[in-house]
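Which chain is which? The protein sequence lines are A and B, in order. Here UniProt numbering is used: position 237 in the first sequence is 237, and no number is missing along the way. Here UniProt numbering is used: position 124 in the second sequence is 124, and no number is missing along the way.
Source of the hints: derived by calculation from the structure; they are not laboratory data. Where a beta carbon is used, it is the ideal one built from N, C-alpha and C, also for glycine. Hints may contain errors.
[As the list claims (entries may be wrong)] Covered stretches of chain A (chain B as the covering partner; in silico rule of three or more C-beta atoms under 8 Å from a C-beta of chain B):
hint, segment
1, 48–61
2, 71–85
3, 101–108
[As the list claims (entries may be wrong)] In silico DSS-like cross-links for lysine-lysine, where the CA-CA straight-line distance does not exceed 30 Å:
hint, chain 1, residue 1, chain 2, residue 2
4, A, Lys19, B, Lys142
5, B, Lys42, B, Lys162
6, B, Lys142, B, Lys242
7, A, Lys233, A, Lys252
8, A, Lys76, B, Lys242
9, A, Lys71, B, Lys245
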Amino acid sequence: MSSSRISGLCIQELQVEYKSGQVALGQVNLTLPEHGIYTIIGPSGSGKSTLLRAIAGLLPNYTGELLFNGKPVHDKDILVGLVPQNYGLLPWKTVHGNIQVAMKITGAAGGDKAEREARITHWLSSMGIADLADRYPLSLSGGQQQRVAIARAFAILPQIMLLDEPFSALDAVTREALQQIFLDNWLAHPATALFVTHDVDEAILLGQRIIILPAGKADSIEVLDNAAVFGMKHEEKRGSNEFFEQTKRIRKVMQEKW
Amino acid sequence: MNKRITRVLRLLFVFLCMNLVWYIVYLLMNHPILPSPGSVYKAMFQLEGREVLLNVGYSLLRILEGVLLALVIGLLIGLLMGRSPLWNKLLDPVVYLTYPIPKIALLPVVMLFFGLGETSKVLMIMLILLFQIIISVRDGVKAIPENTYDVLTSIGAGTVQKFWNVTLPGALSVILSTIRISLGTAISVLFFTEIYGTEHGMGYFIMDAWLRLDYPEMYAGIMLFSLVGFVLFLLVDLLDYKFMKWRR
Ligand SMILES: Nc1ncnc2c1ncn2[C@@H]1O[C@H](COP(=O)(O)OP(=O)(O)OP(=O)(O)O)[C@@H](O)[C@H]1O
Ligand SMILES: [Mg+2]
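Chain A on its own, in the form it takes in the complex:
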C-alpha cells in the first residue's frame, strides 16, 4: 500500500458506531500532513468529537485505519495531546499538578525535575495564567480551565494535537488574543493538529485547510483549501479579501449540507 508511506496523519475509511448501533461518524478519508493544522467545523452531533476521540484512542470500536507516518496512531511512541470539549482537568489536582502529572506520565523533559518545572512555568505564562498555578480547577472560570488544558497539551510536546472547541467558553476579545497566542505557539512547535470549532471565522483564521462535516452521515465531507489566508500575517487575515471569499464559500457549503 502506497498510502501507508504517506507522512502525517492518514485517516482511511474511518467509521464509528456507538453501542446503540447508531452511526456517529460516517466514512471519513483524510490525510493531514505532518506539522499541518486543519480546522474542522460541522453541525452539532455531526461527529467532530467522535473523530477526535477515535484518533486519541478513546473509542474501542471503529472501523477503518488510522496511521501516523505509516504506523498505527495508537502505537506507544506516538504522543497525542488532547484538549477535550470538557477540558478534561483532574479536579483534585492544582493547575500546576495537572500539567505535571501529564508530563510525568509521558516522560516529557526526560524526567528531569528542574527542566519540568521550567517548562510548566513557561507554558503557564504563555497562556497568561501563571498566577493560577496553585488553584484547583473547580475554582476557575471555563475560559481559564480551557487555557490550562491547552497549556497541558503543549507541555507534553505531542506529535499529534487534538483540540475540541478549545476557545468556546471565551469572550470575543480573549478569544482573539488566545487565537494569536495559540497560533504563535503552534508555529514554534508545529504538531500535526486537528482543531474543532463552531466558529467559521476561527476555522478560517487557524486552519491550513478547513474540513466541513455534513449533517447527514451518508454525505461526504468537504475539504476547503485555506492556504491563501493561512499564509498571511495573523492581524491582516480578518480584513483581507480572501477571508471574506472563504467565509462566503463555507456558508454556501453549510447551506447545502447542514
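Start from chain A and add chain B with the ligands according to the hints.
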C-alpha cells in the same frame, strides 16, 4: 483562623457544661457509683504515665491494624467491583447477603477460629469496617465520570498511573466519610474484644478498675478512651482537610 479559634472555644465551652451537669448530678445522687469530676481528674493524673501509654498504645495499634487491613482489602475488592462489571456481578450478591449480618454477632465465631489473642481483636475491627468500605469504594469509583480518564488514556497512562491519579483521589472523599462513620462502631467493638484475653488496652483497663470497685479510676479510663476516639476523629478530619482542598 479566627473561625477555628471560635470553634475550639465552643467545643471547650460544651465540654465545661458537660462537666457542670456531671457535677450537679453527682451532688444530687451523692453515691460512690458516680464520683465527682474533681476526683476522677485527680485519679487520672495519679495514673502511672507508662501504664496509660501502654494501654492507649495497645488500643490505638489494634484500631490502626484493623483499619489498615480493612482499607487494603476493601479498596481492592471495591475497586474490582467498581471498574469491572463482571466482578461486580459476581461479588454483588455476596456483599448483598453478608452486609446485613450484625458483625458483632460474629465475635464468638472469630474467637473460636482465631483464639483470644491479638488476631481476633484486629479481625473484628476489620470485619466491622470492611463491608462499609467495599460498598463505598465501589460506589465512589462508579461515580467518577468515565471521561475523567480520557486525557490520561490518550497519553498512554497505565493502570497503576490511572489508579493513583484518578481512581483513588476520585473515591477518597467517600472513603474518608465511611471511615469517619464506621470508626465509632470499630471503637465500641474494640472495647468488647479487650475485655477478654489481654492485660493491655483501654477496655481491659476500664473493666479492671470496675472489678476492683475503683470507680474514679474506671471513669478516668472511660474519659481516656473517649479521648482516644476523639483524637482518631481529629485525624480523619485532618486527612479530609489535606486531601479535599480541591472541593472548597
Ligand atoms: N457515548 C456515546 N454513546 C452513544 N452515542 C454517542 C456517544 N457520544 C456521542 N454519541 C452520538 O454520536 C453522534 C456524534 O457526537 P459527537 O459528540 O461526536 O458530536 P459533535 O460533532 O462533537 O457535536 P458538538 O458540536 O455538539 O460537540 C451524536 O449523534 C451523539 O448522539
Ligand atoms: Mg463535540
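Each hint, compared with the structure:
1. 48–61: holds (count 4)
2. 71–85: holds (count 6)
3. 101–108: Since three or more residues must qualify, the claim that chain B covers the segment 101–108 of chain A holds, with 4 doing so at under 8 Å.
4. A:Lys19 / B:Lys142: Holds, at roughly 20 Å.
5. B:Lys42 / B:Lys162: 54 Å, violated
6. B:Lys142 / B:Lys242: 23 Å, holds
7. A:Lys233 / A:Lys252: Status holds; Cα separation ~26 Å.
8. A:Lys76 / B:Lys242: 35 Å, violated
9. A:Lys71 / B:Lys245: 43 Å, violated
When each numbered hint is compared with the structure, violations occur for hints 5, 8 and 9.
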